[in-house]
Amino acid sequence: MVQFRLPREARPVTGREHAAPERAARPRRFVVYRFDPDTGGPPRLDTFVLDLDDCGPMVLDALLKIKNEMDATLSFRRSCREGICGSCAMNINGRNTLACTRRIDAYPGEIRVLPLPHRPVIRDLITDLSQFYRQYAVVEPWLQERTPPPPDRERLQRPADRARLVGLEECILCACCSTSCPSYWWNEARFLGPAALLAAYRWIEDSRDEATAQRLDALDDAYRLYRCHTIMNCTEACPKGLDPARAIAGVKRLLALRKL
Amino acid sequence: MDGVNGGEDVGARLAPSRAAVSHWLGQRLSAALLLVLVPWLMFSLGSAGGMELDDLRQWIGRPSHALGLALFFLAAWYHAALGLEVVVQDYVRPESLSAVLVLGVRLAAVVGAVAAVGAVIWIVAGMQ
Amino acid sequence: MNDHSPPEGMSAQSPRRVLSPHLQVYRLPLNAWISLLHRITGLLWCLGLLGATGLLWVVAAGQGWPAAQAALGSPWGRVASILAIYALWFHWASGLRHLLFDFGFGFAAPVVRVGAWAVPWVALLGTGLLWSWMG
Chain A
-9 MVQFRLPREA RPVTGREHAA PERAARPRRF VVYRFDPDTG GPPRLDTFVL
41 DLDDCGPMVL DALLKIKNEM DATLSFRRSC REGICGSCAM NINGRNTLAC
91 TRRIDAYPGE IRVLPLPHRP VIRDLITDLS QFYRQYAVVE PWLQERTPPP
141 PDRERLQRPA DRARLVGLEE CILCACCSTS CPSYWWNEAR FLGPAALLAA
191 YRWIEDSRDE ATAQRLDALD DAYRLYRCHT IMNCTEACPK GLDPARAIAG
241 VKRLLALRKL
Chain B
67 MDGVNGGEDV GARLAPSRAA VSHWLGQRLS AALLLVLVPW LMFSLGSAGG
117 MELDDLRQWI GRPSHALGLA LFFLAAWYHA ALGLEVVVQD YVRPESLSAV
167 LVLGVRLAAV VGAVAAVGAV IWIVAGMQ
Chain C
613 MNDHSPPEGM SAQSPRRVLS PHLQVYRLPL NAWISLLHRI TGLLWCLGLL
663 GATGLLWVVA AGQGWPAAQA ALGSPWGRVA SILAIYALWF HWASGLRHLL
713 FDFGFGFAAP VVRVGAWAVP WVALLGTGLL WSWMG
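Protein chains in written order, with this note's numbering: chain A, -9 to 250; chain B, 67 to 194; chain C, 613 to 747.
A few of these clues could be false.
Unchecked claim - Stretch by stretch, here's where chain C covers chain A in the computed footprint (C-beta under 8 Å, at least three residues):
1. 89 to 101
2. 104 to 112
3. 144 to 157
4. 184 to 197
5. 233 to 245
Claimed, not checked - To give a feel for the contact side, a few chain B residues facing chain A, derived at Cβ under 8 Å:
6. His89
7. Trp90
8. Asp156
The set of hints was computed from the structure by calculation and includes no laboratory data.
Note that CB positions come from ideal geometry on N, CA and C, so glycine has one too.
The following block holds chain A by itself, in its conformation from the complex (with noise of 0.2 Å):
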């Protein structure tokens, strides 16, 4: 079966806790999951309390200011600090996003902070996601062509046809979608997950791409594409507010109207 529960070693105790300075105006708890793999204890959830009126916005904000300040052991990957680089998912009060677009006001309480959900974690928010680049690179996300270019121009496309691709082609491959699917949770080694599928179905829709049999046939498997049962917790999750729930039904569409 399926482990539902996490293995015992995983599961997190309470950690310690970084009192709010003197004379804070706004003090706010950050619960923050931290793993030290080079100790042998389980993972941890340390409590940080911050005056918010001497804190950035954002919720990466918090996480720079308990690095800086509090523990400079905190690890976490971050770096665009606006919402292109999705280097900082990670699963806050119990929902997938990026910590750099995520105002800490739009919490009402204590803010929780994990890292993305159902990854071997590597230290603290650090996850591993070498699984989820290699189903990006199951789908082969580039133009394939059997067709020669023309000789003295680039291959063209209409407006019409490009714009087909809103929605699709602004993925930032951040995971917060493919870790927010409970399909994935369960079925990670063989489901390609949302954000792979979502990718597939951007090249599948691009009127200059010549290998739409191929991606097709690749996709028509019982676990690669249809671990999919349309749950939409990755459009929930979705930091860009893109639809890889809409994606996914529209290569089982295609695939669907092919074989009838």
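Given the coordinates of chain A, assemble chains B and C onto it according to the supplied hints.
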């Protein structure tokens, strides 16, 4: 490390099965049939518990009713088998056990469908 | 498609990893609960279908119908029947929603939420309608 990533990504290496779309289509087509047949049955036989045996058989014995009922049981057993298959494949490990269970589910569904259609035919035959 | 060998590196070095919390911490959206209930009501009706086939056999054989009637009419039988009817309507409504998704309808996020919210109420309406129909 072992166990955490569960057998690495087999899916990336195995060839696609190529039959999955039929399963999906069968599920939707039977669903579309049941979308109509289930309310019809609920409103027709919802009060069957209070009916006399002869009245009930009379109702089932009408050709259109018998046909609808047989169609319902065929579609429902088929739909149930496909659905159970998905659930088994989602949760049951190892995959050898899951494959055996899927076979069992299919067998049970065939037995169920044959039994149901057989009973309808029996009732119709008994009316003559 | 081609087989892409995994990029080696980081994963080999780390001495120890644990699985991050998932079901334990994820705040499931309403869609996910409806999806879960779709599955549960479907499983229940696998049993229901077994029961219905059995009842059909009782009717065909002409033996044991009074006993079946008594069981269905008993207080527990009535409760079970009403729950089963509600579960069937639930699966019906949720299934209808899934069919619409399959045709590409109803994907915009607000529609998704309204649709998910509507499923239990449509099921209640169906159960109520059936109830009043039977008098």
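Against the structure, the hints:
no. : hint       : result
1   : 89 to 101  : violated (count 0)
2   : 104 to 112 : holds (count 9)
3   : 144 to 157 : violated (count 0)
4   : 184 to 197 : violated (count 0)
5   : 233 to 245 : holds (count 7)
6   : His89      : 7 Å, holds
7   : Trp90      : 6 Å, holds
8   : Asp156     : 6 Å, holds
Hints 1, 3 and 4 from the earlier list are contradicted by this structure; the remaining hints agree with it.
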